[in-house]
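The chain contents come next:
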Amino acid sequence: MAVEMKRRLLTTSKAVAEGIAQEMERDPAVFVMGEDVGVYGGIFGATEGLLARFGPERIMDTPISETGFIGAATGAALSGMRPIAELMFIDFFGVCMDQIYNHMAKIHYESGGNVRVPVVITTAIGGGYSDGAQHSQTLYGTFAHLPGLKIVVPSTPYDAKGLMIAAIRDDNPVLYMFHKGVMGLGWMTPNPRATGEVPEEPYTVPIGKADIKRPGRDLTVVTVSLMVHRALDAAEELAAEGIEAEVLDLRSIVPLDREAIVESVRRTRRLLVVDEDYRSFGMTGEVITSVVEGAFDYLDAPPARLALPDVPIPYARPLEQYVLPSRERIVAAARDLVAGR
Amino acid sequence: MTPARGAADPSPLARKRARKRPGPDWLRAYERMLKIRLFEDRVNDLYQRGRMPGLAHLSSGEEAVAVGVCLGLRDDDYITSTHRGHGHCLAKGAAVDRMFAELLGKAAGYCGGKGGSMHIADQERGNLGANAIVGGSMGIATGAALSSKQRGTDQVAVCFFGDGALGQGLLYEVMNMAALWRLPVLYVCENNLYGEYTPGTETIAGEALARPRAFGIPAAEVDGQDVRAVHAATGEAIDRARAGGGPSFLWCNTYRYSGHHVGDVDRAYYRERDEERLWREERDPLALARAWLIGDGLTTPATLDQVHAAVTVEVDAGVAFALEADYPDPSKVDADVYA
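Chains as they are written, first to last, in the working numbering: chain A, 1 to 341; chain B, 342 to 680.
For reference, chain A alone in the conformation it holds in the complex (with noise of 0.2 Å):
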């Protein structure tokens, strides 16, 4: 007799404060610090109803003192315990980088190994709800860009769960980059696919490897993120017109999953990255010379890429809309790619 098996859904914002409950209840190590992570449960939701849960002792709200705080989850963590703490936005890291590269990132290398940081850094990123530029930023390539660091960015509900998880356990410093627009928030634009099904039981993703989260033939669209929505969406209106587009979710940027990238492109022979960072010197060029590197005989056509112009991100809406990638420019870049304009 077939059983229907009952589909729990979740948001994302629901899903990675699940997989911190239950790494905390796993682990007595884990603990949230951060601004407004106790009664408020994080300003996007990332440690709801946590703190009835868990307590003060261990979901600490913090001073508006990130230099402070994020230092002590280094020293928390090189002594026994493996703290989660909150950056509310990815935009705020001017004020305590140093504490994050200079030490979250290096002491581990510095020492020969002899020590190890065990944190995760949950972060807000990402615009389109005039936010202005302090307040929009996904910064990912900036991070990318330092050693010691490992860079998680989920786009669905199950990949945010899985990660949470497996950062948690990792023996790494790794940021956990959530965007605003994918976490099912009733107060953002409405958002289908930020709502999906997640296991009840605690499961991990692997950091590091890429997801294919749409399988196609004609070309392959590299993103991350809100961007993986942009690009499903896109690739269900280039269906209707015969072009067949592989989305290939990041999921991580470091490790970077060169293999999938490679592999991905050797069978379409034609590579769109969109990527809603800065365009130079970020994600973009560094998937589009990974491809250079190992699938350049393959290539069709010469790789293209969506990105951020490298503007500070406009308040206005129209500007707003103008600079981020979407749907439509998603849409009209694949048609070229497969053109060959």
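Read the hints as simulated data drawn from the structure, not as lab findings. Be a bit skeptical, because a hint or two may be false.
Claimed, not checked - Covered by chain A, according to a simulated footprint, are these stretches of chain B (three or more residues, beta-carbon under 8 Å): (1) 454 to 460; (2) 489 to 503; (3) 669 to 678.
Stated by the list, open to error - Calculated Cβ distances over 12 Å to all of chain A for the following chain B residues: (4) D463; (5) M479; (6) E562; (7) V606; (8) A609; (9) P642.
Don't be surprised by glycine CBs; every beta carbon is placed ideally from N, CA and C.
Start from chain A and add chain B according to the hints.
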């Protein structure tokens, strides 16, 4: 600028607590201070003979602070250190030979040659690492104290930094958090009167001790050349921290005999030779300790000479070990980027 004198005697509470504890092994304290002095002398020598890369920052003259503080710590207590950190590492029990090996960039060093003078970490003795960013380890020490509290241990964390680090905002962030959360952390400021090449009088406004006190953190000024005074003040702070009483701040008046680093030889443009001479001749922590150790009948000149001979042998052996040790293989250069 003249040496600071007459720092406050240990408080009655510290004296009372100190009486309850078994007395420290002062001869061992002297031995540790001497080890730091001879170590630093050899570091300078290795630099001048072109045998050591980099520009090490010597802690000669500041031995009583490192040793006086660490004398009151257990092996499982934590310290974080600074760019001028050799003394802290040795005071916490690091081995001379592996220290020299690290300074020479050898595979046998504490960090396999990847860290160097300013990054020695020794997890087994609670040394979470020296740190080359001024004030950079204040968050780390505070986090280690948070960790002790969360794990329910009575370990304490000591954060060493210099007076130059008073200019870093991180100090005020972490003192605020440590006071709010009553963390078992001791902030030890080594006031050696200069931040790199600039006197503290030009960089520190108001009263330095008023800063921790503004956060409700007990703060004491100590003669940093007197290992007994440092030890007593530390003991009071450590007792308070272990008992859940929260953070403390120690302001230790001391002096950096050498320049900012081994290459800083001509210093007349920022401090006078007479000042250096005065500290060396009248306020030397080793000479002071030697005087009262003998004067109080705790030891004899002959015993101290034996200590000197033994430490010299240890330091010489450490240098020889490091000089002969192998460099790390370049194939290991990308190991330890990730755990």
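Results of checking the hints against the structure:
1. Here's how the stretch 454 to 460 of chain B fares: 4 of its residues keep a CB closer than 8 Å to some CB of chain A, so the rule of at least three is met and the hint holds.
2. Coverage of the stretch 489 to 503 of chain B by chain A holds in this model, with 5 residues showing a Cβ closer than 8 Å to a Cβ of that chain against a need of three.
3. With 3 residues carrying a beta carbon less than 8 Å from a beta carbon of chain A, the stretch 669 to 678 of chain B meets the three-residue requirement, and the given coverage holds.
4. Against chain A, the non-interface label of D463 of chain B is violated: not every CB pair exceeds 12 Å, the least being about 7 Å.
5. With a closest Cβ-Cβ approach of about 7 Å to chain A, M479 of chain B is found to fall inside the 12 Å limit, against its non-interface label.
6. Under the 12 Å C-beta cut-off, the non-interface status given to E562 of chain B relative to chain A holds; the minimum distance is some 25 Å.
7. Every beta carbon of chain A lies more than 12 Å from that of V606 of chain B, the smallest distance being close to 28 Å; the non-interface claim holds.
8. With a least beta-carbon separation of about 33 Å from chain A, A609 of chain B lies farther than 12 Å from that chain, consistent with its non-interface assignment.
9. The Cβ of P642 of chain B lies farther than 12 Å from every Cβ of chain A, with a closest approach of about 40 Å, so its non-interface assignment holds.
In this structure, the hints that do not hold are numbers 4 and 5, in rising order.
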